[in-house]
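Number of protein chains: 2
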Amino acid sequence: MKTRSVGVIGGGQLARMMIAPATELAIDIKVFAEAEGSPAALAATVVGDYTNFESVLAFARTVDVITFDHEHVPLTVLRGLEAAGISVQPSSHSLNFAQNKLEMRKALAELSVPCPNWAQIEEAAALDEFIAANGGFAVVKTATGGYDGKGVRVVQSSEQVRDWLALGKPLLAEQKVEFKRELAQLIARNLAGQIEVWPVVQTIQRDGVCAEVHSPAQGADLQAAEAIARTIAEGLGVTGVLAVEMFETADGKLLVNELAMRPHNSGHFSIEGSVTSQFEQHLRAVLNLPLGSTQATAKHSVMLNLLGVDDQNTFVEHYDHAMAKAPEAKIHVYGKAARLGRKMGHVTATSNSSVDEALAIARTAANALLQA
Amino acid sequence: MKTRSVGVIGGGQLARMMIAPATELAIDIKVFAEAEGSPAALAATVVGDYTNFESVLAFARTVDVITFDHEHVPLTVLRGLEAAGISVQPSSHSLNFAQNKLEMRKALAELSVPCPNWAQIEEAAALDEFIAANGGFAVVKTATGGYDGKGVRVVQSSEQVRDWLALGKPLLAEQKVEFKRELAQLIARNLAGQIEVWPVVQTIQRDGVCAEVHSPAQGADLQAAEAIARTIAEGLGVTGVLAVEMFETADGKLLVNELAMRPHNSGHFSIEGSVTSQFEQHLRAVLNLPLGSTQATAKHSVMLNLLGVDDQNTFVEHYDHAMAKAPEAKIHVYGKAARLGRKMGHVTATSNSSVDEALAIARTAANALLQA
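Quick note, the sequences are listed as chains A and B, same order.
The first sequence begins at 1 in our numbering and counts up one residue at a time.
The second sequence begins at 1001 in our numbering and counts up one residue at a time.
Treat the hints as calculated values from the structure; they're not laboratory data.
One thing to keep in mind: the hints can contain errors.
Said to hold, decoys possible - With a cut-off of at most 35 Å between alpha-carbon atoms, the simulated DSBU-like pairs for lysine-lysine come out as follows:
#, chain 1, residue 1, chain 2, residue 2
1, B, K1030, A, K325
2, A, K30, B, K1325
3, B, K1299, B, K1176
4, A, K2, B, K1343
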């Protein structure tokens, strides 16, 4: 048997959710986890430090292609793998734009992709000037290391990021966009350049963390969202799944906020809501297999994140209650230790009638999982 | 975290297809496989002999409940587990009716479930009498050990089963039913007695092996099929998924052919074609969790088995070709060594337009997987 194998660096829920489609397609999935008992432990063949080049290289030699659960693997490690002849998908060239927000803005500017106003900031005066020119606010981001609201501050004066400026590393300042809502465009591209897109979705954030996703985003400019994502996927040479997070302004214009080059929280609905899920598509794309249909399986899909409420509830405690109250809900739990605010799982529901019907099912399940 | 764990005896494709829903629901799945490299190897924690009571008991002590990939575990082993306080689902009491076709016929007769004419045969004269009374034919079955056409002979004279009669074990003789088509009713029942049914499906056999499944069976008596399956599930105290294979006669009457007390080939379509797949439902049922919705995700679902054509083709060799030609098809491959006639995988396709559209997609994929 010609076994295809994929090595995933990172043992989080994204690696975990690749296990199901890998099993169905007889793709051998191996995970390089950072700790024992990770969400993807079932497929973990190594527990180690992903910043250690020798460990990662030894793991990479056991698979056909290396891909990722997260974007924290140092570029030096990625480039080392590539120099050793390992297929890294997406490549270090592409990942650089996902890891470094300044590089991302520069590249998107070159591709003429619509973005908020931005500037590279190296000193306080330049930041205060940017703030003055952009309505008295700036969203300041560290170039690297931020996620889920970390490494981001909304400021009215350079004083508020004095600590960051003192580090001597260039920062990214962005216009604080008055957006109507947030959207995300999920797209996949395989090594051969084949592209498939899902319909653009609406994402609802709470405290900087994704809380809800509605697919498709009602009344959004589907064509514009798709065109932006295609330009980025092709322009940056992305392989695998790419999520483009966008702001939609009051007049319906789209501005790119963030990029993620891997399966993404905004695409979890696709496990049930699409003929091909983002996890199956990512595996196909990085193995350079033809991509699957992204046709919706229902008119509306809704996903609610299960965010940790304390250090006790892992969301499996009230299965009896939740499954009895919402037999149509699809419950996904990641097997993580409970922690306030942590992404512990998600619930998806679909409807051919209305987004409200799907929301009602998902909310019934999510609420019941919180308490009996 | 209150981890729920299920132990599956048998490492075949049915155990393999439980891995995906177990992972999504954070159910710890452990498999007692009969050999290394089994289809369910990813979840195998023991490789051993399922007829060895001590091995099976030691495995059972590591999980909350024992269930099955196949029906070959000896009753003595099952009863021993139960005596040791292990939760065995379905129970040895129920499994006896799936393992022994004579016991099954006797129990169904007591439940007044419609069956073909049948008789327990211990000598040649009685069989020849049965043949004469049933149009010159009998379907003779060994009481135990048969599956996929094995242990079954269609005969016109007792001479044709002289070898079986010589073994001195009672045989089952059944009327050769002139059926219009074959149907299968899938049903699930949890420990608390909650029942959910899928719509009855049409199964198309070739050489005694299931080749195609169409869900739902067009024009079948859904109510009658459901009523039969409910009577059996409740009457025999089945837990988990039960498949009731039936003949549909020219006048639309249903007669029970075989029973399987586990996820079944006729229910593979449910992975994509139902809100809750038979594999997720089986896990819920044996853990005594509330059952999920069996609502169809599309008007028509079609499943084609990928049956081995030689000792080379494992059905992954032509993924490029098949995925390019049929991006809507869902391909499932079991990771087995190639062998003529072996169930190597299956393809599912759904359609809201017509069964023919679903069939065309699935056939395109299945044919392409056979040759580039």
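Hints and how they fare:
1. K1030/B x K325/A: Status holds; Cα separation ~28 Å.
2. K30/A x K1325/B: 28 Å, holds
3. K1299/B x K1176/B: 33 Å, holds
4. K2/A x K1343/B: 18 Å, holds
Of the numbered hints given earlier, the model fails none.
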